[in-house]
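> Single-letter residue listing:
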Amino acid sequence: MSTNSSGVRLRSVTKRFRSGTIGIDNASLTIEGGEFVTFLGPSGSGKTTTLNTIAGFVRPTSGSIEIGGRDVTKVPPSKRNLGIVFQNYALFPHMSVRDNVAFGLHGRGLSKHEVSKRINDVLTMVRLGGLEDRRPKQLSGGQQQRVALARALVYQPPVLLMDEPLSALDKALRDQMQVEIGRIHREVGTTFLFVTHDQNEALGLSDRIVLFNEGRILQVGTPSELYEQPRSLFAAQFLGESNVFRGRVTSAQTLEFAGVPLRFNGGAPATKSAAIVVRPENLLVRQADEARPDENQVSALITNISYFGSFRSIMVSYLDGSSGQLRESASSEARFSRGDNVSVCWDPGRAVLVDDGEAAA
Amino acid sequence: MSENTRGGWGLWIWAALVAVLLVAPLLAVVPISFSAKQSFTFPPSSLSLKWYENIVSSPRWWSAIGTSILLGVLVMVICTLLGTAAALGIHRYPGRVGAVVTGILVAPMIIPGIVSAVAIYASYLRWHLTGNLQGFLLAHTVLALPFVVVTVLSSLSSTDPALERAAASLGAGAWRTFARVTLPAIAPSVGAGALFSFVTSFDEVVAASFLQSPVIRTLPIEMFVSVTNQVDPTIAAVSTVILALTTMVVLLPVIVRNRRPKGASS
Amino acid sequence: MAATARRLSGRSRRTSALLLMLPALAVVLVFFVYPVIALSARSFLEPEPGVSQYVSLFADGTTRTILVRTLVVAALVTAVTLVLAYPYAYLMSLSGPGVRALLLFLVLLPFWSSLMARTFAWIVLLQPRGIVATLLSSIGLGGVPLLGSQVGVTIAMTQVLLPFMVLPLFNTMVRIDRRLLSAAHSMGASKFRALVRVFVPLSMPGVAAGCVIVFVLSIGFWVTPRLIGSPQQSLIGQLIETKVGTLLDFAGAGAISVLLLVITAVLLLVAGAGARLLLGSPDSGGRNDE
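Chains as they are written, first to last, in our numbering: chain A, 4 to 364; chain B, 297 to 562; chain C, 100 to 389.
FYI, nobody ran anything at the bench for these hints, they're computed from the structure. Virtual Cβ for every residue (Gly too), placed ideally from N, Cα, C. A portion of the hints provided could be inaccurate.
[Stated by the list, open to error] Label pairs and their computed distance ranges (CB to CB): (1) T341/C to M544/B: 35 to 43 Å; (2) S353/B to P146/C: 31 to 39 Å; (3) L144/C to P510/B: 41 to 49 Å; (4) V352/B to G247/C: 32 to 40 Å; (5) P457/B to R251/A: 51 to 59 Å.
[What the hints assert, rightly or not] Below, computed lysine to any residue pairings styled on SDA-like, alpha-carbon distance capped at 20 Å: (6) K140/A to K82/A; (7) K174/A to N203/A; (8) K82/A to G229/C; (9) K120/A to G133/A; (10) K290/C to D323/A; (11) K290/C to S81/A; (12) K275/A to D323/A; (13) K290/C to G10/A; (14) K333/B to R228/C; (15) K140/A to A171/A; (16) K140/A to G371/C; (17) K290/C to R356/B; (18) K346/B to R356/B; (19) K77/A to Q90/A; (20) K82/A to R277/C; (21) K290/C to H109/A; (22) K346/B to T363/B; (23) K77/A to K290/C; (24) K77/A to R130/A; (25) K140/A to R375/C; (26) K140/A to L172/A; (27) K333/B to K290/C; (28) K140/A to R277/C; (29) K82/A to G10/A; (30) K140/A to P300/C; (31) K290/C to P227/C; (32) K174/A to G192/A; (33) K82/A to F291/C; (34) K333/B to P227/C; (35) K120/A to R137/A.
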């Protein structure tokens with residue numbers, strides 16, 4: 004498989020449906036050739052609509068779309084030369100695996116020999132050799148998924164779009180296919196655009212994640228950027244677990260949470276009401292009198308402790324009634340039990356200040 | 297995805313032509329029914345209501361209408377009971393037995409009409425079932441039964457079997473489960489099947505034309521005789537009345553559905 | 100314990116199922132299936148056991164002509180209804196709920212309305228100097244005899260049988276997953292190629308069903324040819340009627356009936372096998388999950 008990839012560029016794309024609802028709200032985005040980019044968001048967040056405008060199935064109300072530097076806003080799907088893996092694969096039930104894969108090679112001026120070589124190569128790549136004559140109904144879900152991938156890749160499109168391709172598979176198969184998709188991306192080098200609502204898929208697969216909510220792009224960044232530097236409460240809560248301390252910003256360095264001043268690093272916030280977000284693995288539990296001066300500390304009540312083998316998950320309830328969780332290595336000695344009043348502490352450098360979701364957006 | 301799937305102009309024009317072909321011929325009978333002359337000339341040169349009066353005043357038409365309605369109602373009741381019971385049985389007995397029984401019950405729908413009619417006539421002649429209501433009743437029952445069986449069976453296969461099991465697990469007996477869970481679920485299709493069986497009987501010409509005698513004639517037979525003898529435009533008036541009734545029957549579910557608040561359509 | 104109970108309830112369930120089926124089954128077996136078998140049997144038993152009815156059936160030139168004419172008319176009606184109905188059903192399948200309801204209503208109206216009323220309407224339309232004759236002469240086809248001719252019979256049968264083609268086509272088309280067409284477009288297929296390579300093959304079960312229904316109904320049609328056609332141009336249904344009604348030749352009518360039954364059975368088997376061959380399984384085209 005030769006390397007063949009294009010960048011994708013959205014400029015102020017807006018889609019307003021006939022019903023008046025807004026599918027995409029002024030989205031701008033640049034994707035480099037060869038990148039693996041995931042569109043992540045809850046259902047109805049605009050990620051699939053955005054993918055469909057790139058595919059050409061949905062025409063944007065305003066804005067433009069470029070693929071490989073060419074404006075394709077008004078180009079029909081059949082002329083965009085994209086590979087698309089549909090959510091339930093959309094394999095042609097009346098055709099064999101070979102005919103499904105061959106479909107997209109039609110009219111590309113390839114010799115018979117070249118066509119069968121391409122089919123063989125791509126089926127080998129997705130590890131489906133020997134199943135050429137089967138009908139889709141005679142294949143398992145995972146195999147159908149591979150046919151869908153092969154069918155979309157065989158004509159070497161510069162961009163491959165995938166709409167929740169793993170959602171129809173069970174957990175074990177999903178993990179396996181996730182690894183496979185990563186391998187195939189490295190092998191073909193094509194730009195991959197992957198839509199999912201599953202944060203684990205997004206974190207595990209992507210070079211960059213585009214986070215969607217309510218038709219808007221909230222944040223774009225590498226998985227670690229999104230996890231460690233969420234720029235909104237929504238981002239913090241959608242990706243991974245978070246402990247949220249909502250309060251009022253009282254100075255350039257402090258936020259008052261339920262009467263307790265908490266320090267934070269970084270610039271002055273834009274709004275008065277904000278929240279400090281801390282990941283469970285960055286929190287520590289101490290006896291109420293064990294606190295250190297360089298740490299933030301908040302009193303909490305342990306509501307539950309669950310054992311997960313390598314770690315213990317401790318559920319706590321904070322002063323303002325909100326709940327949170329933290330993790331403790333299972334190799335350390337279990338010092339606390341349910342009902343204990345404890346101090347939850349963290350290094351201010353390992354927390355992020357975000358706008359309070361209620362006020363922002 | 298709606299944007300890629302709208303039909304072109306050619307498709308719309310074609311569909312309009314087909315729609316005209318489907319419906320326009322039905323309308324041709326309406327003007328004739330108001331003709332003042334005893335002819336089928338179209339369009340009529342002068343108008344009157346005398347053919348409508350004729351339906352009411354002529355004992356010939358009146359008794360045919362009476363016979364057809366009586367027959368239709370009896371057939372409907374018998375077919376709905378037998379057909380629904382059979383569909384329930386078939387549904388509970390899947391596999392080969394169910395398939396064979398379905399095949400037998402549906403056969404009258406598949407076998408060419410003239411063959412059914414002649415076969416029925418040949419046997420009923422020996423059993424003295426021609427020229428009387430019992431013969432019509434039996435013939436129309438077997439011919440209309442498949443429509444009830446097929447509609448009820450298809451709605452049974454689309455109802456959730458877990459519902460019946462849930463009712464049973466809640467302590468409902470077989471009868472209570474049927475009355476409170478199964479029957480409400482299939483009621484619309486039982487109704488449709490009943491309507492189907494009435495219309496099948498009310499409209500049946502072929503078997504009836506063999507089983508009839510001058511003493512007992514159904515409405516379609518009276519119409520048949522009237523057409524062959526070119527009697528008078530009373531048949532146009534009868535047809536107009538039937539078409540008006542049919543239109544209402546077909547429109548009824550559409551109106552009822554539109555009255556209901558629309559659910560989320562995707 | 101539980102297993103025994105389940106087996107018992109399974110058996111009683113089957114018994115009650117059989118009891119439910121029994122009345123309908125008895126009525127149909129006695130008052131329909133037996134008559135059909137008896138009529139068929141007579142064709143092999145009268146006047147003497149053997150196939151003499153069939154020998155004379157095929158030896159008779161008139162019967163052969165009528166049989167061929169019937170099959171030709173049936174094939175013609177099937178082809179014309181298919182050509183008319185396919186685009187109509189296609190439009191129905193991709194329309195929104197409102198337009199679809201209207202198109203469905205237009206199909207169901209003749210479907211539900213009285214066959215005699217429809218046939219009478221055609222007699223009015225097809226009569227000499229009637230509307231159809233006027234239309235035809237205005238496009239230079241004047242002088243074509245309509246009432247009492249095969250042309251008239253074909254036109255009327257086409258209209259009467261059109262709903263039987265539209266409905267199975269629509270039922271199949273509406274189940275075809277539209278994303279398959281999107282998939283075809285995404286791979287570079289033009290609208291036409293997507294239609295021919297994806298949509299049309301997947302609609303074949305509906306085409307087969309519609310064609311079989313219309314063809315079978317056509318060969319067994321009696322009312323329309325009887326009233327619109329002429330005795331000189333009669334179809335097989337009229338021949339059966341004449342044999343029974345005028346000649347009381349039940350054995351001869353039985354032989355023709357057996358012939359029609361065989362044709363029907365063969366068509367059903369071929370269509371069933373074709374549908375299975377196309378999709379590799381007995382259930383029909385296009386997944387509709389989600």
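> Taking the earlier hints as the rules, which of them does this structure contradict?
2, 3, 6, 8, 10, 13, 17, 19, 22, 24, 27, 31 and 32
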